[in-house]
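Chemist: Chains as they are written, first to last, in the working numbering: chain Z, 1 to 305; chain H, 1 to 301.
Hints listed in this document are in silico derivations from the structure and should not be mistaken for laboratory results.
Please read these numbers as outputs of a predicted model, since none were measured by experiment.
Please note that the accuracy of each hint is not assured.
Stated by the list, open to error - Pairs of lysine-lysine residues, derived as BS3-like cross-links and limited to a Cα-Cα distance of at most 27 Å, are as follows: (1) H:Lys214 - H:Lys203; (2) Z:Lys191 - H:Lys39; (3) H:Lys214 - Z:Lys273; (4) Z:Lys191 - H:Lys251.
What the hints assert, rightly or not - What the simulated footprint calls covered on chain Z by chain H, stretch by stretch (three residues with Cβ under 8 Å from a Cβ of chain H suffice, anywhere in the stretch; the number is not a length): (5) 45 to 56; (6) 67 to 80; (7) 140 to 150; (8) 230 to 239.
Just so it is clear, CB atoms sit at the ideal spot from N, CA and C, and this is done for glycine as well.
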Amino acid sequence: MPHLGDAVFAGAARFAGVFVLLLLGAIIVVLAIGGLQAFRAFGPAFLISTDWDPVQMVFGAAVPVFGTLATSVLALIMAVPLSFGIAVYLTELAPAWVRRPVGTAIELLAAIPSIIYGMWGFFVIVPIMAQWIQPHVIDTFDGIPVLEDLFAGPPFGTGLFTAALILAIMIVPFIAATMRDVFETVPAVYKESAYGVGCTMWEVMRSIVIPYTRTSVVGGIMLGLGRALGETMAVTFVIGNTNRIATSLFGPGNTIASIVALEFPESQAGSLKLSALLALGFILFVISFIVLAISRLLLRPRLKG
Amino acid sequence: MSATTAAPALPGSIPGPAKDARVARQLSGRRQRTNRIVKVLCIAATVIGLAFLASILATLLWRGLGGLSLTVFTTSTLPPGSQGGLLNAIIGSLIQTALGAAIGTPIGLLVGTYLAEYSRGSALGNAVRFVSDVLLSAPSILIGLFVYQLLVAPFGGFSGIAGCIALAVIVIPIVVRTTEDMLRLIPVSLREAAVALGTPQWKVIVMICYRAAKDGIVTGILLAVARVAGETAPLLFTSLGNLNWSLSLTKPMASLPVTIYQYAGSAFEDWVQLAWVGALLITAGVLAINIIARVALRGGK
């Protein structure tokens, strides 16, 4: 005879599970309904329009979408080698007594709130960029085609590159921790065999560890990308907040998250502008969902957790 | 380049390719050099990572300690130039974090229990696990927008309770993840022993499994608290922030992160100073919870 308490508890647990499914569904539906007014008003052109004019009530998503993708991809380019180095150090190089404290310190980077990164970026990194790095880089690349345009413009210190740098620091702990965890799943026999025939550490990493963990490593990188896409406060402080597609990495821009955070307080309930912001939120959710879903599918088989 | 060249076998030696000592030395040298360079780069990457952490902490201490005084904890936020503190923001953050965790934890616990104990490879279980993992990394600003549309816009105003709900949505997937992982670590024999005595399954889970997994589950809750304590973006659209003293959950409520955001961007020196103090407080709190949670987990193992 099934116990009454069992039925109640199992029912509650199953209901909670369904509740989580409904929660995600509700987020998507609510954002889509909220953005409907803007999608109706501008049609598919909303996605490719670079306008953002609250006075004329004309809105487009192209600039923030560009800024979101550009800063996130740039952040990945910086964060992946750094994370790889840290993961290799923690799994292969560090003496046993160093591993735990250094690993914890790197993980603590992920615990620091986003707004702290924003303040630190604004008050520490931006002046360093404006005074030292940007003028130097602009001078160096002056006269070289392509690079000259990529690193052009007045050295304000803010802009896409600075935002990407801060994002990179924020996602390093996620990527590094995943890489470390999957590197540790490589069977010791494989590595020992390679060392046994005289491979160096780098050769073991390149020929044994990376091929063995390739899928999960990509999954970890996608996880970092997913985090970078939706990062709000840190980016808002340092990106310069201009609705223009910058051709220079040092130029100002915006991201979906930053424009929503900044423009939201100035939008009236029920206005077309608010709807446009919600539509941007919907687009961000779709992009993040795809990236995070890929990340999870790649990571799941190897990592239980 | 190859270390071995096909040389004619010398009399008395083993037939087959002989080793060219010069080429071998060169190649070995190059391989060792590459290896050394990679090692140095890896150490450099770690040093860079640690340097960023050190720089952030040093900046917070340097800018924040100077403004730290008793008035920060005893006075509410005041207009610039009038010696205000952060009391309402600190209390508001404590209330919203505590309530958010109190709402989110039971749900997360139940979902984690469902995934570990009941789902057993079912399609629903896999879907729930997938969705929970996506929610874990979903942009928090979108959760703010979602709660705004659901609880703020229809009810005509920002409220502390909307902030709590937004934080609860962030808490749920974190608690789900650790609860499921920790329950899965409990040996099946423990459950079988209890079931053999005629214990109903729910009692096995509550009295045996929860108790055995307590340390891990508490760690998950602590990490969730640490995460939401620093969340700014979802609160911007829900509890909004309040420069006046208010404990009402139906009115806009101050919080430390939102106050920091408002103050850091202002033109007043004393406000910026208070923003740094707030930043120092919140980082110290969040890092302390993280370290405690880690130590607790390690001690429990």
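Chemist: Decide, hint by hint, whether the structure agrees.
Modeler: Do the hints match the structure? See the list:
1. H:Lys214 - H:Lys203: Given that 27 Å is the threshold and the Cα spacing comes to 15 Å, the pair holds.
2. Z:Lys191 - H:Lys39: 17 Å, holds
3. H:Lys214 - Z:Lys273: 48 Å, violated
4. Z:Lys191 - H:Lys251: Not satisfied, since the Cα-Cα distance of roughly 60 Å exceeds 27 Å.
5. 45 to 56: Violated, because only 0 residues of the stretch 45 to 56 of chain Z bring their Cβ atoms closer than 8 Å to Cβ atoms of chain H.
6. 67 to 80: violated (count 0)
7. 140 to 150: n = 0 at 8 Å, threshold three: violated.
8. 230 to 239: holds (count 5)
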